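Sequence order for the protein chains is B and U. Take the first sequence: its position 196, counted from the start at 1, is 196 in my numbering, and no numbers get skipped. So the number in my numbering is just where the residue sits in the second sequence, counting from 1, plus 287.
Think of the hints as simulated: they come from the structure by calculation, not from any bench. Everything numeric in this text was worked out from a predicted model, so none of it was measured. Treat the hints loosely; a few may be bogus.
Here are the computed distance ranges between Cβ atoms for each label pair [as the list claims (entries may be wrong)]:
1. B/Arg141 / U/Trp455: 41 to 47 angstroms
2. U/Gly320 / B/Thr253: 47 to 53 angstroms
3. B/Ile179 / U/Asp489: 37 to 43 angstroms
4. B/Asp34 / U/Ala521: 54 to 60 angstroms
5. U/Leu336 / B/Glu186: 33 to 39 angstroms
6. U/Ala465 / B/Leu227: 55 to 61 angstroms
7. U/Arg318 / B/Gly32: 34 to 40 angstroms
8. B/Ile179 / U/Met492: 40 to 46 angstroms
9. U/Arg343 / B/Thr253: 51 to 57 angstroms
10. B/Glu186 / U/Pro419: 33 to 39 angstroms
11. U/Ala326 / B/Glu186: 32 to 38 angstroms
Partial chain B-side listing against chain U, Cβ under 7 angstroms, derived [to be verified]:
12. Arg86
13. Arg87
14. Tyr91
15. Gln95
16. Ser97
17. Asp99
18. Glu106
19. Val114
20. Phe115
21. Asp116
22. Asp124
23. Gln128
By construction, the Cβ of each residue, glycine as well, lies at the ideal position given by its N, Cα and C atoms.
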Amino acid sequence: MTCDPTDRPAGPDAVTCTGLVHAFGDTRAVDGLDLSVRQGEVFGLLGPNGAGKTTAIRCITTLLPVPAGQVRVFGHDPAVDRMAVRRLLGYVPQQLSADAGLTGRENVTLFARVFDVPRRERADRVAQALAAVNLTDAADRLAKTYSGGMVRRLELAQALVSAPRLLILDEPTIGLDPIARTGVWEHINAVRAATGMTVLVTTHYMDEADQYCDRVALMHRGRIRALGTPAELRRGLAERRRARGETAAGDPTLEDVFRDVAGSGLDDTSGDFRDVRSTRRTAQRLG
Amino acid sequence: MSEAPAAPPSASADRVAGDGIGLLVRAPAPRPGWRLLPARIGAMCAVELQKLRHDRTELYTRAVQPALWLLIFGQTFTRIRAIPTGGIPYLDFMAPGIIAQSAMFIAIFYGIQIIWERDAGVLNKLLVTPTPRSALVTGKAFAAGVKSLVQAVVVIVIAALLGVAMTWNPLRLLGVAAAVILGSAFFSCLSMTIAGIVLSRDRLMGIGQAITMPLFFGSNALYPVAVMPGWLQAVSKANPLSYQVDALRGLLLGTSAHLALDFAVLVLAAALGITAASSLLGRLAR
Ligand SMILES: Nc1ncnc2c1ncn2[C@@H]1O[C@H](COP(=O)(O)OP(=O)(O)OP(=O)(O)O)[C@@H](O)[C@H]1O
Ligand SMILES: [Mg+2]
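This is chain U alone, in the form it adopts within the complex:
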């Protein structure tokens, strides 16, 4: 973002003043292969962050829902004590689940956004630049992660205000950030993959709604896997959200978690998601 100054440096302003187009005569030299992908991902991320900076309302409005989950659902169920949480207060138990949930809800929106960008013609133009599809997708995935991080901070702060004892260990918090970004990357790519298959916003909206609920309730976000019926346990085992919640819970609360497995699953899921979404992205331009 440091590369998009509000005004050109004054030294160059002088040079440009005379309506010169001297620089526009020469085509820039291509970047060598191995540096191309990171540079493009950087460019895509920068754009997403710039958009976020120009319009922050989405960040604020999206913070409302997780706050309500904690305040209403969390506080009520803490009193009922209906769910076996292994000895920790229910609010503590569910807070990491809400972080994962709000991240997923943000990420699932990305397929709709990419269809919107297709309809607005913005995507087509980018697809005609020397930018690998995977860089476009990874940039979006990373941006989803950044938005989700903001949500995570909101949830952690509210939870702390409600008396949840979470870690302040910077290393663990770094792990939390990684888990949030990886999970968002997977779910945004899942959504973009479906976008590349169904190609229309209406159909994607329907499918998006149809899958987010089962993904959420078929995970350990609100209750432990042990209380689920057998078939739902199987769903939960195949659901990356469960691994994300497990990692977040382990890192934030210090409960027993399978961190190595969790991160392995999340990395693999994100990689698969990026591959699938980038191979289908071209279909959107047809």
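Chain B extracted, bound-state conformation:
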């Protein structure tokens, strides 16, 4: 991307987590997470089903308490200074979640209102947000008539209408066709280029992470296992392979890095019923 990781803007990091722990009963969904997202970058949080990505995001967005460890969003503590944190955030949850009983425009207008967009610029701002995601023509249809890709773009418009400094996207492209996926990323990048906002995104698509993220972190069982620019991670694996004397065919992809880091325990321990169910629910609404 355009952002050179070495030229860091002044001010605190957009997000820092130190030793973040969150458990559901006996499940330690997030287990000592250390993370810092710099201002202005696109940061990708990758990891298998059940790695704890969504849980970490819900701690950052004030939805879950922070039982142990520390979280800061532009220097604010989400556990204490909730309103200040929420003002800075745009959030698109993993699940498709536009209000089906409202039109696209009403959905976005609601978010303009709850972020205190003054009445005189509200209609214009909402129209711009809808135009930015190519929904102008469908804006006055009920959201229940939208396809999955349109709902995702509508959610993006809802998140963008308040000009957030930090956009948090939990699997924004899950279940979308390749063209819709590219579309979502193009809309994100167009707005980012204009506003300089920070983006924290989770995804299962390694090609997306490689192409669109400035830095990525690989998360597994509640912790970060690898961190760097996609190129750094790929180079790292190539070096490790050389050191081990392996002669793998071709340069490693980010997916190879992912396999290398998460190891073979991937298939049996992670991704429980809940995850499958929520993924299926998304797929159903898309289908």
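Once you have looked at the hints, place chain U with the ligands on chain B.
Chain U with the ligands alone, transformed into the frame defined by chain B:
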């Protein structure tokens, strides 16, 4: 609702036409503290009204039940004369009770709705905006009140057609509206509070059904408190529905009522309900 035009004003359409995102660069300035809560409540109410406008079937179908109560139960019991009503026809006596009952049945549904919104992910997203929980809850409570008002109008019209002599004094009707909205606010918050405790739709449905019947029959909606056994009289005394019915009866029929006490209880109950529901709302997102 005036703020959600079907199409953007044409002047702005020109400005926006060039795919501009100029307005999206600047974050809006936060509203000063004391104006935030009313603005958010307004936004939540507007959304509920918009939804109602897009899908009116619920309003119509919900009007059927109170109509049947009046037509069948009311007319039959008027002939039996089994219930001492203090000299007024039974249909007159029960009409305010049916207004309160239908309002309660609508309001009790709100807990299920909020769980549904949680499951659909809509609630989570709103909880991440700078909106106090109490504003979300109050908005819902007010919307329940508006729906109930529609029911009240239906009941009053049917009752008038059946020959019930009710007041047309606008001040009294305003009082009726206030009593309906306050009662609905309390019962919707009761339902949302239980939602925040049990967290699942199935359990809430069971509990909802288990409490609406005792609340209804343990009130003065269908018969005066005096005919109840002692223990039920105690239930009725603690039941906000009884105070709501008392106020409605006094305002609509001009029977003797304790209006000051009734409204005091209703205001207090609504305030308590809003407090309880908003403090438990966050649990739904966990
Ligand atoms: N509300 C909850 N109650 C109980 N357990 C939960 C809850 N939410 C998540 N978990 C568990 O915490 C773990 C991490 O879940 P999380 O949703 O954070 O993973 P994820 O990385 O987002 O996975 P995915 O890629 O499938 O979205 C999983 O084992 C999950 O079952
Ligand atoms: Mg997830």
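Tested hints:
1. B/Arg141 / U/Trp455: 41 to 47 angstroms: holds (42 angstroms)
2. U/Gly320 / B/Thr253: 47 to 53 angstroms: holds (52 angstroms)
3. B/Ile179 / U/Asp489: 37 to 43 angstroms: For U/Asp489 against B/Ile179, whose Cβ atoms are near 40 angstroms apart, the range 37 to 43 angstroms holds.
4. B/Asp34 / U/Ala521: 54 to 60 angstroms: holds (59 angstroms)
5. U/Leu336 / B/Glu186: 33 to 39 angstroms: holds (36 angstroms)
6. U/Ala465 / B/Leu227: 55 to 61 angstroms: holds (59 angstroms)
7. U/Arg318 / B/Gly32: 34 to 40 angstroms: holds (39 angstroms)
8. B/Ile179 / U/Met492: 40 to 46 angstroms: holds (42 angstroms)
9. U/Arg343 / B/Thr253: 51 to 57 angstroms: Between U/Arg343 and B/Thr253, where Cβ atoms are some 54 angstroms apart, the hint holds.
10. B/Glu186 / U/Pro419: 33 to 39 angstroms: holds (36 angstroms)
11. U/Ala326 / B/Glu186: 32 to 38 angstroms: Since U/Ala326 and B/Glu186 have Cβ atoms about 34 angstroms apart, the given range 32 to 38 angstroms holds.
12. Arg86: holds (5 angstroms)
13. Arg87: holds (5 angstroms)
14. Tyr91: holds (5 angstroms)
15. Gln95: At about 4 angstroms, which falls below the 7 angstroms cut-off, the nearest Cβ of chain U leaves the hint on B/Gln95 intact, so it holds.
16. Ser97: Hint on B/Ser97: holds, closest Cβ of chain U at ~3 angstroms, below 7 angstroms.
17. Asp99: holds (5 angstroms)
18. Glu106: holds (5 angstroms)
19. Val114: holds (4 angstroms)
20. Phe115: holds (6 angstroms)
21. Asp116: holds (4 angstroms)
22. Asp124: holds (4 angstroms)
23. Gln128: holds (5 angstroms)
Checked against the numbered hints above, the structure violates none of them.
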